[in-house]
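With the hints as your guide, set chain A onto chain Y.
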Amino acid sequence: MEFRTFVFYFLAAILVIASLRVVTLRNPVHAALHLVLAFFSASGVWILLQAEFLAIALILVYVGAVMVLFLFVVMLLDIDLDRLREGFWSYLPLGSIVALLVVAEMGLVLVSRYWGALESDVPQAEAGYSNVQAVGRLLFTEYVYPFELASVVLLVGIVAAVALTLRGKRKSKSVDPSRQVFVKAGDRLRIVRMPAEKRD
Amino acid sequence: MMLETLQLLLPGFLMPCVDWAMQLGEDIFGSAWPDIVTVVWTVVKAMLIVAPLLGAVAYATYAERKVIGWIQVRVGPNRVGPWGLLQPVADGVKVLLKEVVIPTHADKAVYLLAPLFSFAPALIAWAVIPFSDFFVLANVNASLLFVMSVTSVGVYGIILAGWAPNSKYAFFGAMRSAAQMISYEVPMGLALVVVLMVSNSLNLGDIVQGQGRGLFAGMGLTFLSWNWLPLLPIFVAYIVSTFAECNRSPFDLTEGESEIIGYHVEYSGMAFAVFQLAEYTAMLMGCTLVSLLFLGGWLSPLSFLPDGIFWLLLKILGVLVLFYWVRATFPRYRYDQVMRLGWKVLIPVCLVWLAVVACWMLSPWNIWK
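First to last, the protein sequences are chains Y and A.
Numbering-wise, the first sequence is residues 1 to 200 according to this note's numbering.
Numbering-wise, the second sequence is residues 1 to 369 according to this note's numbering.
Treat the hints loosely; a few may be bogus.
[Said to hold, decoys possible] Example chain A residues on the side facing chain Y (calculated, C-beta under 8 Å, incomplete):
1) D35
2) A142
3) S149
4) I182
If you are wondering where the hints come from, they were derived from the structure by calculation, not from laboratory data.
Model, not experiment: these values are computed from the prediction.
Idealized CB from N, CA, C, for every residue including glycine.
In isolation and in its complexed conformation, chain Y is listed as follows:
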């Protein structure tokens, strides 16, 4: 067995097991950590396919930022498993339909194009080929409108998040640092010169 193949199966096995654990584990924090492991293995598989930019971006964006916030939310939530399981049977039909649809779609994509991902006829890039430059060039020429649209959507997301937290008047006390900086000793402190007093 070639070394690359061995690495692929190693990463793929970890990926599959970790993804299964994400949905089967009871402790939500452990599940989130397994999702992080799954992301790592996926990025390893992408590096095997020479998509180094995508692999590094996956770690940077999803593991480094998104999952951190996810973990925060999961840690702060008081998750009651019994209450979560209450609606299991009533939601099952709808959920299974959605699951079947997703499985069917992914199966179609995989069967039609990527049946042999390792033996695919994707051209092997030469050693000096820079993934980042290729992606950048495509993003800013061919896909510039979708790219700009996506950034506008993100901007809307930022504005929405700020607007959500700024409802109503601010009730908490706060200091204004720019005013604090300009305070001088004379504004706060008065030095009085007085003669010593004698007590008898």
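Frame of chain Y; chain A shown alone:
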């Protein structure tokens, strides 16, 4: 690759021995031999980086106490060994012998995993750091991006260390420092965008090489061609964010040993020491990145002096002393001030300078051709 490097490093009379060993290996292992050589050679190179790094980490703690001692007109550690030189060894032995107390309702697996989560990324990032023209473990195209993404994983160590021991104080500390680290990654990333824009590459080696060219480099004053001068505001912003990323003073709210409690309050013994190791490794990483990105890496400051790894080490040491100096000089920031500095000062500065440099590069006065 291996043979050329060995030819450079080993004395001539040893080369026949190496040839003989290679021949022997080929006879025994046959076609698998080149793969074995590659693996062994990679492990050797990794060891050549990791072993001196761990030594440097140990002595960075000693140097910190000595330097801060001198700044505050004290002696610093001077009991163990001559000039206290064996102090890190004594500290290490002490910490090894201590008990790792695991709190009762702690999540045991995550509790023990958290120190590794913060130490491992700090070590992995060194895989792509170039130390000179030819000494680099993995010469990746996107090495700068790799360093950024790997170091961003270090925040898991903090969050998990806060959550796993089931302690409110540790969790508060973790929230504080995780928010700080995530916030300062933004100005850091923006600063890096400017650097990679002017050097037209994501490869750390190319970024260093690019700093050796320019108007002043042609006049023999290479140190004026390094990125720190044309990108001075970015340089300052980057150093400040490095301080915050490494949770170093004046942003050391993570530890805040005198008044507030940090994420590792429930850790003891070796588990605690691994957090300290991670902090110092990350700090050395920060110093190395500053030296590579802004201070010309292994390039010599004046063009008649030879380039070499010792320049890089000297620069790292210089930035490290700056870290110590700042710690001994500035009082700790209040938490809201830390966040304000990151979001309302550093990010706008970096964004504006990004636009300025972009316009500069399009103008006829572009100096980075």
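Status of the hints after comparison with the structure:
| no. | hint | in the structure |
| --- | --- | --- |
| 1 | D35 | 6 Å, holds |
| 2 | A142 | 5 Å, holds |
| 3 | S149 | 4 Å, holds |
| 4 | I182 | 6 Å, holds |
The structure fails none of the hints (numbered hints given earlier).
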